[in-house]
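**Q** First to last, the protein sequences are chains A and B. Under my numbering, think of the first position of the first sequence as 1, with each following residue one higher. Under my numbering, think of the first position of the second sequence as 1001, with each following residue one higher.
Since the hints were derived computationally from the structure, they do not count as laboratory data. Be aware that one or more of the hints could be misleading.
To be verified - Anything over 12 Å on all C-beta distances counts as not near chain B; from chain A, calculated:
| id | residue |
| --- | --- |
| 1 | LEU6 |
| 2 | GLY28 |
| 3 | MET33 |
| 4 | CYS34 |
| 5 | ILE44 |
| 6 | LEU46 |
| 7 | PHE49 |
| 8 | VAL60 |
| 9 | PHE61 |
| 10 | ARG82 |
Stated by the list, open to error - Listed next, the stretches of chain A that the computed footprint assigns to chain B, with coverage defined by at least 3 CB atoms under 8 Å from CB atoms of chain B:
| id | region |
| --- | --- |
| 11 | 15-23 |
| 12 | 64-77 |
Every value quoted in this text rests on a predicted model; they were computed, and no experiment measured them. Each residue gets a CB set at the ideal place from its N, CA and C atoms; glycine is no exception.
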Amino acid sequence: MIPVELYLMISSIVFTIGLYGLITQKNGVKLMMCIELLLNSANINLVAFSTYAPNYNGQVFALFSIALAAAEAGIGFAILIRLYRLYGTIDLDTVNAMRW
Amino acid sequence: MIWADYAYLIVLLPVLAAALCFFFGWRLPRGGGLIAVLATVIGLIISLGIFSEIYPVGIVQQSWHWFALFNFGILIDPLAIVMLLMVTFVVSLIHFYATEYMNGDPGMARYFAEAALFTAAMLGLVYSDNLLQFFVFWELVGLCSYLLIGYWYRKPSAAEAAKKAFLTTRVGDVLFLAGIVLLYNNLVNLGTNLIIQPGQYPLQFEVIYANIYQIPPIQLTFIAICLLGGAAGKSGQFPLHAWLPDAMEGPTTVSAMIHAATMVTAGVYLVARMFPLFYAAPYGLQLVTLVGAFTAIFAASMGLSAFDIKRVLAFSTVSQLGFMMAALGAGAVIGVLAVAVGIFHLICHSFFKALLFLDAGSVIHATNTNDMREMGGVLKYMKWTGWTMFIGSLSLAGFPLFTGFYSKDEILVVQYEYAMVVNYLPYVFLISAALLTAIYSFRMWFVTFTGDERSDYHKHESGWIMLGPLVVLAIFALLFGGIAIGPFYKYLDTNFDYYELDFQELAIIGGHVTPLEHVSEGASEGASEGASEGEEAAGEPFIIKILPILVGVGGILLAALFYFKRWKRFDPSMVSGDKDPLRKMLLKGYYQHEILTAWFAETVIYGASIILNIIDIKLVDGWLNWLSSWVLGFAGHMRKVQTGVVQNYVTALVLGIVILVVIVAIAAGVFL
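Pulled out of the complex, with its shape left as it was, chain B reads as follows:
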């Protein structure tokens, strides 16, 4: 375990890089970007070293006392190591790309300082071994996202977006914190029944896992809802998704980082990490599924109508995160394998979404516009960018044999199993979302890269520093899924074998009407999971098996018929004109702004706050002000006693003594 001893460096180096860039970056070429790249690359090397040590069996645990009942520790199990590898790998490429993309920006040193800190926070979150430390890094991620989204802070819209992101995720964070407090309370209330080894702390994941079955189910559900709220805030799930599209105000590399590797995956990771708790909580996973599936279709439909190339990708991210959540939620039926399915899509998604964002950045860098309506025909000038983006879009659309196909197909399959047992709604949502995904991703590609040049934009291909990461990511977006899927599932399926967990017992608490052989199979054999997965797939109707392929390819064809010049058969206006209420609704994003901001915030909340303001000023403040003014007035009179004239003091002294003597005399009965 040579490499594992240096695990702490994975977080420490980016932190150091952040400090260096912040203080000395302005003196270094390209804002000290290479320091940030180097720090993450070393992190990647260490992660690879640790991976080689703990694959296929083993975990890394390190723990230091922090204070009272809390510790500071490192836990690297299969779930954490794949996340570590993904984050360090993707972020290294993004940092490298940013050294060119951000070049010439006056705040470049600040950019790299914040980006490096962002990376450090995410990496720290990933290998935390307890929930409190997880929360600390979680908040750090939120802070850094605020700083980076508002990177161009002089731009009012960027400042707005940063504020929105911060406040929206804050709602989730408060829920998350409430969940932690609730969980902690439940664990501590167990008293001597708490299953804990010497040297362990109550909020460590191991201890949480070992004690889940002792917590009352109703409490488990509350905790699960709170944690899901936190995850929804970070991962942009339905009620708290509004900040993610606005987060496009930051530089494109920031969007790539937030959307692919570092921030939004934290929420999904939280659910995966606490999967046993969600599994044991009645209705926990059903809720996760519903939220995820609804978000998937909701965001995908908005992606269909956006014109800003980055906004299309942003909605796509929200939608794909919905897929991941739904995959985890399917654990209600398929058990712990859901973690592998969800996290596999997370990893695959991070490759092709980082690729798409960096491609979009390359296009924006060249054309100086975000609006797809002003682009068109870019492929002629940007061959590399165009074709790598083609690969990324195919992967996102789920075209057979591309990375995204494997992960998304698997999600649809497990959702079908979920549909057979629980209900059909999430499956219908997800399959429609998959169709929409294919349509909007190719609408984006066709509109941007083919057709006529619709405006006089700048035309040049980006330099090799920007193209290099694109090519590497494109290779991953092309091949990773097919190659990695088997070993990945097998590996992640063993994730919870290292803890004292009995999924059958948890299933009983959670009230899952599960065919349990799946779970026991995973526990006993583990390795044969991949094979049994194949058998299971054979049990499904043919249409379910080919439906993901159909919607993927069909969506692409449909987009081509509408937007590809040579195949064009239909015009978008044939389906919906500019006046069409549906189209208007999509363009306006389901009137969320009107409902949430204009109506709810500015009418309801504002009206309520006016009334509260009056109550506050007149009643609460009024009473207090009256009291304090009375005290002040009284004191104003009283202080006149201090005349500064010695004779007055003497007089007062003598009078006082006289009064005292008289009182004592009366008490002693002298006058009687």
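Excised from the complex, chain A in its bound form:
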């Protein structure tokens, strides 16, 4: 059996990649992808722990999390489309109307 530490290691690698992307990237679509990475790293954790527990709660929770991610992606892309129509770009550096 694969030890749980390996799952956690992969999960944290994915999380860090997502976080790095979130901080460095400017493109809105790339940001969405990074957020998906963050969510999925959490899902990996949930499923990994679930295999060591005597029930399926973690896996069911992961399913909910995926559905949530889908909804979030739908809203996120809708916002991005609106942004593109308004500014002609989805580069989030230029979309900074709400600043000082």
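Fit chain B to the supplied structure of chain A, relying on the hints for placement.
**A** Okay, now just chain B, sitting in the frame of chain A:
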């Protein structure tokens, strides 16, 4: 008590009239003046009805809860009813006169709106049953006087005068308010000792009267001084008199209202209303006497040299108000009868002073000038005005058998009694003021109505609308005093019998070295007061009895010798030339303008305010400005954090979490 149920209408109707005139007056003939007249006439009828119900015994009391410890109420006792009758009567005549006098003025509707509100405020003040309501109406009177004095607001001098009147009376009002607060505080501090019936409120006059003897005497004196300050502001007594002569800038009818019926009498009325408190306060009435007597001679001497016919009358008013105050002050010796003496002069004065002002208005209306030097010989063209003014002047001068004689004579008599016990100074002041009164009033009459025409003025007699009130007032100025004096004294002497007051006890608190039989007599018999008054007068030296007559008639003769062409023996320049320092001083009004405005206000106060201004700007504002600019600068840097770039926020979030984790880890001892 059918009429008494409608007492509230006495105030409400003029208020309604004011609103009607203000909003619709410009569409109505003569600015809706008739509405104002009608409102006051109905007020007069209701007052007469109430008078018929409560004379000779009884009072009217109505009270509604207002808020917390205050009420809104009506109290009509003898003191209030005579004031109500006088105000409604005189003001009706003045309003009626004004419908002609103000005719053609573009702001006529505004005039009647303000005048009606003025009347309402005064009437409300007169029958207030508590001091707070009294103060509210008192302030309303002040506001309306400001509006009316500045009626011709485009004229700079009128705007100045209105401002001066408002600010000067404000000084008095602040003192009055301080007095009320002090009194209220003292009453509330009594706690359970406060004598109060269920349904009564602490500032009601009844409650004040009932609790006077419980207040420490030193507090009473402070309260009395504060209230006297308020009264001095409204009634133009010495330190705060400067606004009254300037108030002549308004239309003459306004002057008539302010000087005769509505405003200046409020101060005297306040002292009369709070008489028990003044009586109980050590030195309270002595102070009132001194202020009054000094004002009487001070203003009379200035009236001697004024050339503006209205200013002569204004100084005369200030002087006569001094007489009233002095009469009330004599209460230190003669007790509660002083209220009757003072208020009787107030009522009589309001008749003949309204008459004189309306006459002056009639003359000004015809000749288009205020300056007596430009008049002369007006009697030829204005017979009615001239002779009614003659009656008014005789009354003012105190010529025997005229109204003013009875009231002023009585004041001089009671002041003589005061002089016997306390000191002679007020009596000397007042008798000299009486002499001056006779001189200046007849100087005014002779210069205006007799002699040569000194300029080419317009000549015509006024219409019947203006003459009617003059004739009515002249009849009162002629006959009222002689007819009313007896019943009036008897009636007003009962004024304080309706309250829980023991004047002997109050006299002990006040430290009056009084022959107290007078007071007890008033309390027990009351009705025989008039008779005992006669006996008392018999006890005085002959010279004191005839002195008022002597100064009255002598003053008139003296004025005639100087100013009446046919009897002229002397020229004013023989007594004092134009260069004479005394004359100059009188003309300049004792250099009050120079001292108060030019020196005190413009040098001392202005200099002090410059220094204060610097302190204010550099120190107080400077510190605050420094603080606020520092905060603004800091905030200016801090807000740069809000970049609007999502990535920065995420970075900050992650950093924050990392720091938090590290802190928690350190706290939990992970790194140890």
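**Q** Taking the hints in turn, state whether each one holds.
**A** We went through each hint and held it up to the structure:
1. LEU6: holds (23 Å)
2. GLY28: violated (9 Å)
3. MET33: holds (14 Å)
4. CYS34: The claim breaks: A/CYS34 does not keep its Cβ more than 12 Å from every Cβ of chain B (closest is about 10 Å).
5. ILE44: Given that every Cβ of chain B is farther than 12 Å from that of A/ILE44, nearest at about 20 Å, it holds.
6. LEU46: With a cut-off of 12 Å, A/LEU46 remains clear of chain B, as the shortest Cβ separation is near 20 Å.
7. PHE49: Non-interface label stands for A/PHE49: nearest chain B Cβ at 21 Å, farther than 12 Å.
8. VAL60: Non-interface label stands for A/VAL60: nearest chain B Cβ at 28 Å, farther than 12 Å.
9. PHE61: holds (22 Å)
10. ARG82: Fine: 15 Å to the nearest Cβ keeps A/ARG82 off the interface.
11. 15-23: Check passed, 3 qualifying residues.
12. 64-77: Our answer is that it is violated, as 0 residues pass the Cβ test (under 8 Å) against chain B, missing three.
Checked against the numbered hints above, the structure violates hints 2, 4, 12; every other hint is satisfied.
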